[in-house]
Amino acid sequence: METTSKLFLMAMVATFDRAVMTASTGAAEFPSSDVTFNEHVARIVHDKCTRCHRPGQSGPFSLITFDDVSSRAETIRAVLDAEYMPPWKPISTDVVYTNDRRLAEEEKTLFRRWLDAGCPEGATAAAPTPPEYSTEWTLGEPDLVIEMPEPFSVPADGPDVYRSFVFPADLPEDKWVSAIEFRPTARGAVHHALFFVDVGGAARGRRDGDGQPGFRGMSFLRRGGNALKSMPENLARGLGGYVPGAMPNRLPGDLARLLPAHSDIIVQTHFHPTGKPETEQARLGLYFASQPPKKRLVPIQVPALFGIGAGIDVPAGVNNYRVEDSYVLPVDVMAYEIGGHAHYICREMAMTATLPDGTERHLLKIDDWDLDWQDQYQFGAPIALPAGTKLTTVLVYDNSSANPENPYQPPRRIQWGRESTDEMGSVTLLVTAADEADRPRIESDVRDRAQNSIRQRIRSQVRRFGGFGAEPFNGALVKLLDRNRDGSLQQQELPARGRDRLLDLMDSNGDDTIDAQELEAGRQLIRDLTREE
Amino acid sequence: MIQTEARVLADVVRELAKLSVGVAVAACVTLSHAAEPLAKPTTVTPTIEANDLYGVAVSIGKGQRTKLTVVIFITTDCPIANSYHPTIEKLRRDYAGQDCQIVLVHEQPGTTTEAALTHAKDYAIAAPILLDKDHAIARSVGATVTPEAVVVDGQGMIRYRGRIDDRYATFGKKRPQATRHDLQDAMVAALQGKQITPTETKAVGCLIRLESSP
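Chains as they are written, first to last, in the working numbering: chain U, 1 to 533; chain Y, 1001 to 1214.
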């Protein structure tokens, strides 16, 4: 009798076991208990998460051990479902990128099954060895490490901070840079950084008057002779950027970017306050190519200069404002890398190449743009684009109140500008001329485009500030504005609404004053630019 | 013989009871993934009695020291929860004189007193801090996210549960500043004896894994 009862009990247990299993796996065909951390999940985590989620890196916590992962399993499921982690913005097209960090669908399925099974650890013998990182530098010991000369204090709370810092390089000879790795100390707070060359170290020693190193804004781009002419050149000298989670890549083959002798590197850093005060004193690791590249990289920005002349002017409340611009390649090129830039209300960003035979290649397609994750995407194999290929960039902006990232609630009209609350928008394709002899042709073509977009910008601004009229900054107007009668226009004498834009256009030496010489240079340039054509 | 059978039968019943708990837990796990959450507690029963990191007794529920207790769930390393400490500290200061206490509760398994003290120092936290080793506090007030806030009145009634404000719309979608201050609004309404609307919002942040062992 006892035996019968026990059998009955065992049968009941078995039945309920199955019931439990069915309840927890839903419609899964397999029992979930076959998925364990050690046998299946650890490998995925080590491959796709640990690079950032380990001590000393940008991830807020480590994802290495069973405890690390199982205690955060629900959060991990949520961020996978929301496609928030691993951070990766381009949607799949026919183009493959070498640095794609996403989990494959089968990896996501395995992870979900493991969670449904209650996160079993599995046999220790099956546990893979966590990846080892021999040096803090992903690409190995750099050829040169430059540290920020002074620390910068990031406040615990408040709005995001944008700050440019000079990293003194001042090398005696030209160098070719094949990769840059950025190591911030305020890792949780640094959201992205962009690297620029400061030719001749013009911004060396420059700082805002707030007792902290570095300066606001990007006015260093207008240095080097004439403000308007130097901007395209200085931007073309960009050295790339950093976002957390991005693996620094060496440029393919012998490609490298020029760091001219006696130049510095300016890093424009975007900080998110983290809730506690942080100290930033980043280091840059530079990896040099042993010799100049056989072919030089040419950045093609569509629209040019972050959309300065593209007429970006988004009415308040509009959720589907579209900007389109295209450029036809004058020569055959090879394309290596692509990346975009826009601010908070941009939602979609795409660059499509239409080849002369009508073939379309979707070089970049982002349908949920996020300024925080602007990245460079390296093509799996260089893409050949023949002369006559049309590169079309489409940008879509959402300036409605339904866009949580809208800097203004209620929404306001948002126009092109350098502040993060203004907008920009462009996609940059890095190419080489298929035949290096054609390079000057595409370089000058790209430069002309940039000049043209500035010309369009000036026209629209001249129309807007009607008073600056046919003779921009004529004597009468300057006299009117120049309240202290010193012949220069100080920052506080400029009309508040156009102040930053005017300084960007006119203030070549970055002292926040438009002096008599700069006024005359500006007038002359505007005359030149509007006369050409 | 009959006695033996009876005992075996009792065993069977006990086993079945355990199993149905198992099924219920499994069902909870499954359901918690669905859009519709399970019914959440409306009162704190029994009153939560615990010592904070500094050895001071804290009670949450009927008989608590203050008219209102705001319980906010955190971890040492949830970036969204951490970004709220300046806001939480400001709320604590602003309402300290109004018969209202804010209590922070750690939900990451394995958080030691030492780690929590270091974290409190880093983020300049002045509120009492509890370690919720087996998620008992989170369960008893129905919290599932860090940072999630629960407002408990002197009768042990849960008056508000959800986000602190609407700064985070979802993962990676952050407003430049909050446009709704749901927790503060709830605190003000509760202190003035007015109706709170809404009484429940969705907190955005890290998920508390309730079924995990400490």
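It is possible that some hints are incorrect.
[Unchecked claim] No more than 30 Å apart at the CA atoms, straight line, and that leaves these computed lysine-lysine pairs for DSSO-like:
id	chain 1	residue 1	chain 2	residue 2
1	U	K365	Y	K1174
2	Y	K1121	Y	K1174
3	Y	K1062	U	K108
4	U	K89	Y	K1173
5	U	K479	U	K89
6	Y	K1173	U	K48
7	Y	K1202	U	K108
8	U	K390	U	K365
9	Y	K1121	U	K89
10	U	K108	Y	K1173
11	Y	K1133	U	K89
12	U	K89	U	K48
13	Y	K1174	U	K48
14	U	K295	U	K390
15	Y	K1040	Y	K1121
16	U	K48	U	K175
17	U	K365	Y	K1173
18	Y	K1062	Y	K1040
In short, the hints are calculated from the structure, not lab data.
Against the structure, test the hints numbered earlier, and report the numbers of the ones violated in rising order. Those not satisfied are hints 3, 5, 9, 11, 15 and 16.
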